Amino acid sequence: MYNSPSPLEVQVLTRRFRLPNSHSIETYLQNDGYKAVEKALGMSQEDIINEVKASGLRGRGGAGFPTGMKWGFVPRTSPKPKYIMVNGDESEPGTCKDRLLMQYDPHQLIEGIIIAGQAVGAEQGYIYIRGEFRYLIEHMDRAIAEAYQRGFLGANIFGSGKTFHLATHSGAGAYECGEESALLESFEGKRGNPRIRPPFPAVAGAYQCPTILNNVETYCAVPSIILNGAAHFAGLGSPKNGGTRLFCLSGHVNKPGVYELPMGFNLMRMINEVGGGVRGGKKLKAVIPGGSSCPVLKADECDLAMDFDSVAAAKSMLGSGGVVVMDEDTCMVKAALRIMRFYAHESCGWCIPCREGTTWLRKLLQRFHDGMGTKSDIVLIGDLSKNMLGRTFCPLGDAAAMPTIAFVEKFRDEFEAHLDGKPCPYEKSSKLVAA
Amino acid sequence: MTFSPELEARFERFLAKYPADRKRSALIPMLIYGQDEVGSITDEFVEEIAKRVGVTPLEVREVSGFYSMLHHKPMGKYHVQVCTNISCLLTGGEELYERACHKLGLGHKQVSPDGRISLEEVECMGACSWAPAVQINYDFYHDVTPEQLDKLLDGLKAGKDPEQITEVPKVNC
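For the protein sequence lines, the chains are A and B, in the order given.
Heads up, my numbering is the position in the first sequence plus 3, with the first residue counted as 1.
Heads up, my numbering is the position in the second sequence plus 68, with the first residue counted as 1.
Chain A extracted, bound-state conformation:
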């Protein structure tokens, strides 16, 4: 299933993916496996955290928060137990990388988690995996059992006298649980509603104890950073955006797939040179650069360095690495509607602006798509979206509003083309036309 590699890739996290039995502990051990954690066991907590800080590693789940700084917020002298939580809920539309990291190199993830545990003095970690990835839960369980057998997990890991336990945890279908505080609630056996912050998970996370919570890919970057040094990792990317990133190309490209590219790689080159260009020789219309929550970019905005700061400067987000490519025949109203249907379905209902906002936006966009929109609806969509921004406990409200604002502002002509009973210009037959 895994796509053929691109010669432009810089393989750090994926460098073992294509080895035979890449998932086995033997393969991992023969290819630098578990050397980083042995090195980390000889380092002070401060040194591990400083190394991660210096690497420029930023959270791969979507927000891009500096990982070392996050780890530094954990009160290491707290008498409470500390936890390492792994976000493997991968559910941002457009994103399909964490499943490969777990499938092809589960021990890299386990090693990264153990190092994080050493950095803050945690003795227990949990990998929260979305329920749909049942085969991966079992796959990770087998890898964890291998690590226990070798004495890499459990009491006295690597003969160091230190303890670290690790287990998987199954979700049961909820996008919201990919949000850190909702994930923690879900982990504790509750509805996946977000928590009010502060306090942040670093101080009061799992069971109200100090917790490091990062994405799968973030932990997977840690062994390489410790083994090869922060400077090496930082040097792979662009300023303040260390390392490589697993980009998930999907939609209208010739060679969709997951590619590991340096941070700051040009988006247009990614589409044309890595992804083989737009399918069927069509023209590029738009790209969602980092999963459905990220404002859409028009084709002429895609000459862009793919790192957190450059994409933010272009008023979108690098997000979770899901690059969704749309060709000239794509109806932007339909794309906006489908994405809003998702958010309306996935809103947990905790905050009214999100619960009501996503539902009304879905209805409005549906009305447009059905050819019944009016000019004032365009204004209403903008108003509704803007009134959701910043008014919810978690980012889901913003994640629904921001792309909608971008769709309407950047493709207003397409919305206008759907006004007053006009059939969708991109559909061969409109539902309004009687058969």
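Hints were generated in silico from the structure; no laboratory data involved.
These numbers come from a predicted model, not from an experiment.
Hints should not be assumed to be uniformly reliable.
Stated by the list, open to error - Per label pair, the in silico range of CB-to-CB distance:
#1 Gly133(B) to Ser47(A): 44 to 50 angstroms
#2 Pro23(A) to Pro125(B): 47 to 53 angstroms
#3 Lys285(A) to Gly133(B): 20 to 26 angstroms
#4 Glu112(B) to Lys83(A): 35 to 41 angstroms
#5 Asp386(A) to Pro214(B): 15 to 21 angstroms
#6 Glu105(B) to Glu29(A): 31 to 37 angstroms
#7 Ala77(B) to Phe68(A): 48 to 54 angstroms
#8 Glu419(A) to Gly173(B): 21 to 27 angstroms
#9 Gln232(B) to Asn269(A): 46 to 52 angstroms
#10 Met69(B) to Ala316(A): 55 to 61 angstroms
#11 Leu11(A) to Glu166(B): 36 to 42 angstroms
#12 Val239(B) to Asp144(A): 15 to 21 angstroms
#13 Ser81(A) to Pro237(B): 35 to 41 angstroms
#14 Glu419(A) to Ser72(B): 55 to 61 angstroms
We put the beta carbon where it would ideally sit given N, CA and C, even for glycine.
Based on the hints, put chain B in the right spot on chain A.
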């Protein structure tokens, strides 16, 4: 209520994963793995799990109602899930879903009269680079063409198990 020895062993492993006073953490894993055997989240199942994790049945219901993979009435033996979210939409996922509706004579979350097949239009299942994607129970099918979908659904309708429909193999990853 009794469970198979395998499920009992699994429940025990789940409960042992968390601190002794945090059994509730096992609730969602127990519900989803238990559902596979029980068939759906029944009243009896809710009460049994509530006892085991030390919460009220109402608290279990409050949780089970939140998660889209937990079903309160039985789905088919083969639950066909078609993704129509953005990456799948762009590559024909919506057409696949409509095709499945017509072929099976079922709508969203409906079950065939013999209880064998059910259909659901699902949100992103994390297979975007291999879109359009379909899941039957927990097995993934990637880059699904309309012809492959037909073969899968015709096979299921003819009484075959997915493993017997060798022309369309599931992907292991």
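Outcome of the hint check:
no., hint, result
1, Gly133(B) to Ser47(A): 44 to 50 angstroms, "holds, 47 angstroms"
2, Pro23(A) to Pro125(B): 47 to 53 angstroms, "holds, 50 angstroms"
3, Lys285(A) to Gly133(B): 20 to 26 angstroms, "violated, 44 angstroms"
4, Glu112(B) to Lys83(A): 35 to 41 angstroms, "holds, 38 angstroms"
5, Asp386(A) to Pro214(B): 15 to 21 angstroms, "violated, 41 angstroms"
6, Glu105(B) to Glu29(A): 31 to 37 angstroms, "holds, 35 angstroms"
7, Ala77(B) to Phe68(A): 48 to 54 angstroms, "violated, 40 angstroms"
8, Glu419(A) to Gly173(B): 21 to 27 angstroms, "violated, 39 angstroms"
9, Gln232(B) to Asn269(A): 46 to 52 angstroms, "holds, 47 angstroms"
10, Met69(B) to Ala316(A): 55 to 61 angstroms, "holds, 58 angstroms"
11, Leu11(A) to Glu166(B): 36 to 42 angstroms, "holds, 38 angstroms"
12, Val239(B) to Asp144(A): 15 to 21 angstroms, "holds, 20 angstroms"
13, Ser81(A) to Pro237(B): 35 to 41 angstroms, "violated, 51 angstroms"
14, Glu419(A) to Ser72(B): 55 to 61 angstroms, "holds, 60 angstroms"
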